[in-house]
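Model the full structure from these sequences, guided by the hints.
Okay, so the sequence shown: first residue is 1 according to the numbering used here, each after it adds one.
One thing to keep in mind: the hints can contain errors.
Estimated spans, in silico, between C-beta atoms of each pair [said to hold, decoys possible]:
id: 1; residue 1: 4; residue 2: 61; range: 26 to 32 Å
id: 2; residue 1: 47; residue 2: 16; range: 14 to 20 Å
id: 3; residue 1: 13; residue 2: 64; range: 25 to 31 Å
id: 4; residue 1: 61; residue 2: 10; range: 27 to 33 Å
id: 5; residue 1: 56; residue 2: 8; range: 19 to 25 Å
Derived pair list, reagent style SDA-like, types lysine to any residue, alpha-carbon separation capped at 20 Å [to be verified]:
id: 6; residue 1: 8; residue 2: 33
id: 7; residue 1: 57; residue 2: 14
id: 8; residue 1: 6; residue 2: 49
id: 9; residue 1: 6; residue 2: 37
id: 10; residue 1: 13; residue 2: 52
id: 11; residue 1: 57; residue 2: 44
id: 12; residue 1: 6; residue 2: 48
id: 13; residue 1: 57; residue 2: 47
id: 14; residue 1: 58; residue 2: 44
id: 15; residue 1: 6; residue 2: 25
id: 16; residue 1: 57; residue 2: 21
id: 17; residue 1: 57; residue 2: 18
id: 18; residue 1: 6; residue 2: 27
id: 19; residue 1: 58; residue 2: 40
Read the hints as simulated data drawn from the structure, not as lab findings. Beta carbons: idealized from backbone N, C-alpha and C, even for Gly.
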Amino acid sequence: SGQTAKQKLMESKLPSTTLHAIWTLADVDADGCLTLYEFALAMHFINMKMEGHDLPKKLPPAMLQQDEELELESASGQFPT
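Below, the structure is given as structure tokens:
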């Protein structure tokens, strides 16, 4: 669920403005929920910030899902609880 994803992101202890930027970057389809793939992107961006790197201004094209199988993750397509 979105709440579960939010809790995992908050465990990083990054500022809420940074976490909001990460969620916005990772939420590729801008539906307010994170699929498993989008959650993985968010965790990647958290790791980047924790290592002192800047976030990209927008999602790099190479990070967009290319494999159609990944787009059909599950019936709900949302982060599992």
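Now for the hints, and whether the structure bears them out:
no.: 1; hint: 4 to 61: 26 to 32 Å; verdict: 29 Å, holds
no.: 2; hint: 47 to 16: 14 to 20 Å; verdict: 18 Å, holds
no.: 3; hint: 13 to 64: 25 to 31 Å; verdict: 29 Å, holds
no.: 4; hint: 61 to 10: 27 to 33 Å; verdict: 29 Å, holds
no.: 5; hint: 56 to 8: 19 to 25 Å; verdict: 21 Å, holds
no.: 6; hint: 8 to 33; verdict: 14 Å, holds
no.: 7; hint: 57 to 14; verdict: 18 Å, holds
no.: 8; hint: 6 to 49; verdict: 17 Å, holds
no.: 9; hint: 6 to 37; verdict: 15 Å, holds
no.: 10; hint: 13 to 52; verdict: 14 Å, holds
no.: 11; hint: 57 to 44; verdict: 15 Å, holds
no.: 12; hint: 6 to 48; verdict: 18 Å, holds
no.: 13; hint: 57 to 47; verdict: 16 Å, holds
no.: 14; hint: 58 to 44; verdict: 14 Å, holds
no.: 15; hint: 6 to 25; verdict: 14 Å, holds
no.: 16; hint: 57 to 21; verdict: 9 Å, holds
no.: 17; hint: 57 to 18; verdict: 12 Å, holds
no.: 18; hint: 6 to 27; verdict: 12 Å, holds
no.: 19; hint: 58 to 40; verdict: 16 Å, holds
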